[in-house]
Amino acid sequence: MTSTEFTPTELPDELLEKYETVIGLEVHCQLLTDSKLFASDTNRFGGEPNTHISPLTLALPGTLPKLNQKAVEYAVRLGLACGCDISRHTIFDRKNYFYPDLPKGYQISQDKAPICVGGGVTVTTKDQENNPVERTIRFHHIHLEEDAGKSVHDGSSSDTQLDYNRAGTPLVEMVSEPDLRSAEETGAFVTEIRRLVRYLDISDGNMEEGSLRCDVNVSVRPFGQEEYGTKVEIKNMNSIRNIMRAVEYERRRQVSALENGDALFQETRMFDAETGETYGMRVKETMNDYRYFPDPDLCPVELTEERVQAIKSQMPALPRELREKFVSQYGIPAYDAELLTDTRDMARYFEELCGLTTHYKTASNWLMGPVRSYLNESGTEIAAFPLTPGTLAELIELIETQVISHSVATQKAFPALLEEPGRSPRELAEASDWLQNRNTNELETLVEEVLQSMPDKVKAYQKGKKGLMGLFVGEVMKKSKGKGDPKMINQLLAQKLN
Amino acid sequence: MKIDREALHKVAHLARLEVKPEEEAALLASMESVLTWMEQLDEVDTEGVEPLTHMTDEVNNWREDVAKNALSREDGLGNAPSHDETYIKVPKVIE
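Chains as they are written, first to last, in the UniProt record's numbering: chain A, 1 to 498; chain B, 1 to 95.
Do not rely on the hints blindly, as some may be mistaken.
[Unchecked claim] Within a straight-line C-alpha distance of at most 30 Å, the following computed DSBU-like cross-link-like pairs (lysine-lysine) qualify: (1) Lys235/A / Lys10/B; (2) Lys112/A / Lys312/A; (3) Lys18/A / Lys231/A; (4) Lys478/A / Lys312/A; (5) Lys10/B / Lys150/A; (6) Lys2/B / Lys150/A; (7) Lys92/B / Lys150/A; (8) Lys126/A / Lys361/A; (9) Lys312/A / Lys68/B; (10) Lys104/A / Lys20/B; (11) Lys104/A / Lys126/A; (12) Lys10/B / Lys95/A; (13) Lys20/B / Lys481/A; (14) Lys2/B / Lys95/A; (15) Lys104/A / Lys10/B; (16) Lys92/B / Lys104/A; (17) Lys92/B / Lys235/A; (18) Lys2/B / Lys112/A; (19) Lys95/A / Lys92/B; (20) Lys112/A / Lys10/B; (21) Lys231/A / Lys10/B; (22) Lys66/A / Lys20/B; (23) Lys465/A / Lys487/A; (24) Lys483/A / Lys10/B; (25) Lys457/A / Lys481/A; (26) Lys95/A / Lys20/B.
[Unchecked claim] Residues of chain A placed beyond 12 Å of chain B at every Cβ, according to the derived structure: (27) Leu31; (28) Pro65; (29) Arg135; (30) Arg213; (31) Tyr228; (32) Asn260; (33) Leu322; (34) Tyr335; (35) Val458.
[What the hints assert, rightly or not] Some chain A residues flagged as far from chain B (calculated, every beta-carbon gap over 10 Å): (36) Glu20; (37) Val22; (38) Ile53; (39) Lys70; (40) Lys312.
I should point out that these hints are in silico values taken from the structure, not numbers from a laboratory.
None of these values were measured; they are calculated from a predicted model.
Cβ atoms here follow ideal geometry from the backbone N, Cα and C, with glycine treated the same way.
Isolated chain A (complex conformation):
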């Protein structure tokens, strides 16, 4: 290697910027059915190894697969949410390869007639000026298939150990078109898919446990060139951060190779999370030859219009629909709507809250401010948040009608209610003597006391140091023990000083 060669880490930006990155994903997502795709054994993560098994899962002779109706319904739900064409006639194919985690010697998948065709997901990223940019990433198709078992490589042993609990778990595989252009966009795409499958209640989307994982195809080409470059597939990614890191590294590796005049090979690479680099598999991979053919053990699935409509009618609202509704119906900013629809439970809580108060913006501020801080600090999900929407709505009414001040509400009432979630905010505020002092005479006295106690500051203010107003307000507030109405204090001070 000569000193003039570029490396992924030492690559001038102007060279990097000559190339466009092209990314396509295969996203595998485990479906939350009770039983497996073609057998009745339990579909659940964890559990003692080899306890969720059946003769079919172990490929014992004489067994026949029988399709799980729920898995079909879930795949249709996803397809409808992504605007796919739902295939009215779909079949299953055998994908043949030998690997011990697949006892049959083939995986039941879909090749020629996948259950959903086309469609896509819209992702939002930021441009250089921080403005939101929306792009729709198209799907080639979505198909159903079964997951494989797990190989456990125990370092000390000369054997590979096999756990078949996962074998046969229903998966949907979403195959995107090569529409993604950056690591950031890829991250946003996977995030949106995870949100979507959770909203649809078809998967827990848990990437650490492998419920959602991706194969990432990356290539680069000079801007303006129409043909795609040589692509590399990075297998089995199960964290959004690592997906983004792998895309960024791979893009730099490919550009530096091209700039060095080296050839790129179509290959499978792995990502090392420790080093942040991808590496080729040492073993030379013979081209896979899966020899797909229709599985004769499984008859076709015919979906009638009525069945598809029935599934459609039971679908929950999607994040995008809720975002639009929150902006148009409740008049909250798009940014707030984005955060409030991050999880379905949060969106549901906000909707309930908006049914109980008309101060939508205040409601949104409460959820994104104090409530979110509490959830983060205590590691709680909104579903387990102690205060009901009714209690929070009552607290919001107390603030909006100026019965208590905002600061008392956040600093005193909210923590106290978390201690005693059953208590009525109004009753608590009265019992704790937190009601806001809106008595003009009392406040006027306090204002005068404060101004008399700091004549120098008053002079300075009158000479133009208007920033001192905050100090005066703070002092009066202190004297009122935090109960003075800040608006009235401001007005009274302005009258006295001007």
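Model the placement of chain B on the given structure of chain A, informed by the hints.
The following block gives chain B in isolation, referenced to the frame of chain A:
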């Protein structure tokens, strides 16, 4: 249809079969005769005919999503050539 040695070994490898040199000639002849016979099917004009994927008209032979573990671990492992109390064991798979 002619089959060469390379094609024979490719098919054998995909099926994880070991072919001894003295078996090659017989296997080549056998595969060729099968494929020659299949070639006759190619003579039929299938323009505009949908592929026949299944032999009956049966559709939607599916089941309700009800979980039931049909096999105990002990019974499941018992059929494997090599196992311990928890896992089925196979010769080490190197990635």
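Here is what the structure says about each hint:
1. Taking the CA atoms of Lys235/A and Lys10/B, the gap is about 25 Å. The hint holds against a cut of 30 Å.
2. This hinted pair checks out: Lys112/A and Lys312/A have alpha carbons roughly 25 Å apart, not beyond 30 Å.
3. Taken as a hint, the Lys18/A and Lys231/A pair is honoured in the structure, with Cα atoms around 18 Å apart against an allowance of 30 Å.
4. As the CA atoms of Lys478/A and Lys312/A are separated by approximately 58 Å, the hinted pair breaks the 30 Å bound.
5. The hinted pair formed by Lys10/B and Lys150/A meets the criterion: a straight-line CA distance of about 28 Å does not exceed 30 Å.
6. Between Lys2/B and Lys150/A the alpha-carbon distance is near 41 Å, which puts this suggested pair outside the 30 Å criterion.
7. Using a Cα cut-off of 30 Å, the hinted pair Lys92/B and Lys150/A holds, with the two alpha carbons roughly 13 Å apart.
8. In summary, the hint linking Lys126/A to Lys361/A is supported, as the alpha carbons are separated by about 24 Å, within the 30 Å threshold.
9. This hinted pair checks out: Lys312/A and Lys68/B have alpha carbons roughly 29 Å apart, not beyond 30 Å.
10. Distance hint between Lys104/A and Lys20/B is fulfilled; the C-alpha atoms sit about 26 Å from each other, no more than 30 Å.
11. For the hint linking Lys104/A to Lys126/A, the alpha-carbon distance of about 47 Å lies beyond 30 Å, and the restraint is violated.
12. A distance of roughly 17 Å separates the Cα atoms of Lys10/B and Lys95/A; the hinted pair therefore holds under the 30 Å criterion.
13. Under the criterion of a C-alpha separation no larger than 30 Å, the hint pairing Lys20/B with Lys481/A is inconsistent with the structure, at around 96 Å.
14. Using a Cα cut-off of 30 Å, the hinted pair Lys2/B and Lys95/A holds, with the two alpha carbons roughly 27 Å apart.
15. In summary, the hint linking Lys104/A to Lys10/B is supported, as the alpha carbons are separated by about 20 Å, within the 30 Å threshold.
16. About 19 Å separates the Cα atoms of Lys92/B and Lys104/A, which keeps this hinted pair within 30 Å; it holds.
17. In summary, the hint linking Lys92/B to Lys235/A is supported, as the alpha carbons are separated by about 21 Å, within the 30 Å threshold.
18. A distance of roughly 29 Å separates the Cα atoms of Lys2/B and Lys112/A; the hinted pair therefore holds under the 30 Å criterion.
19. Between the alpha carbons of Lys95/A and Lys92/B the distance comes to roughly 23 Å, so the proposed pair stays at or under 30 Å and holds.
20. Pair hint Lys112/A plus Lys10/B holds up; C-alpha atoms about 24 Å apart against a cutoff of 30 Å.
21. With a CA separation close to 26 Å, the supplied pair Lys231/A and Lys10/B stays within the 30 Å bound.
22. Proximity of Lys66/A to Lys20/B is assessed by CA-CA distance (about 40 Å); at most 30 Å being required, the pair is judged violated.
23. At roughly 20 Å between alpha-carbon atoms, Lys465/A and Lys487/A fall within 30 Å of each other, so this suggested pair holds.
24. Restraint check: the Cα-Cα separation between Lys483/A and Lys10/B comes to about 85 Å, which exceeds 30 Å; the hinted pair is violated.
25. As the CA atoms of Lys457/A and Lys481/A are separated by approximately 22 Å, the hinted pair is consistent with the 30 Å bound.
26. Note on Lys95/A and Lys20/B: the hinted pairing holds, with a Cα-Cα distance of about 28 Å set against a maximum of 30 Å.
27. With 12 Å as the threshold on Cβ separation, the claim that Leu31/A sits away from chain B is violated: the shortest Cβ distance comes to roughly 10 Å.
28. Against chain B, the non-interface label of Pro65/A is violated: not every CB pair exceeds 12 Å, the least being about 10 Å.
29. Every CB of chain B is more than 12 Å from the CB of Arg135/A (nearest about 35 Å), matching its label as outside the interface.
30. Consistency note on Arg213/A: stated as away from chain B, and its beta-carbon is indeed over 12 Å from all of that chain's, at 16 Å minimum.
31. For Tyr228/A, the shortest C-beta to C-beta distance to chain B comes to about 28 Å, beyond the 12 Å cut-off, and the non-interface label holds.
32. Look at Asn260/A: its CB is around 29 Å from the nearest CB on chain B, clear of 12 Å, so calling it non-interface holds up.
33. With a minimum CB-CB distance of about 28 Å to chain B, Leu322/A clears the 12 Å threshold, and the non-interface call stands.
34. Distance check for Tyr335/A against chain B: the nearest CB is about 39 Å away, which clears 12 Å, and the non-interface claim stands.
35. Residue placement check: Val458/A keeps its beta carbon more than 12 Å from all beta carbons of chain B (closest about 76 Å).
36. Its beta-carbon lying about 32 Å from the closest one in chain B, Glu20/A satisfies the requirement of being farther than 10 Å from that chain.
37. Every Cβ of chain B is farther than 10 Å from the Cβ of Val22/A; the closest lies at roughly 27 Å, confirming the non-interface assignment.
38. The Cβ of Ile53/A does not lie farther than 10 Å from every Cβ of chain B; its closest approach is about 5 Å, which violates its non-interface assignment.
39. With a minimum CB-CB distance of about 4 Å to chain B, Lys70/A fails to clear the 10 Å threshold, and the non-interface call is violated.
40. With a cut of 10 Å on Cβ distances, Lys312/A stays outside the contact zone with chain B, its closest approach being about 19 Å.
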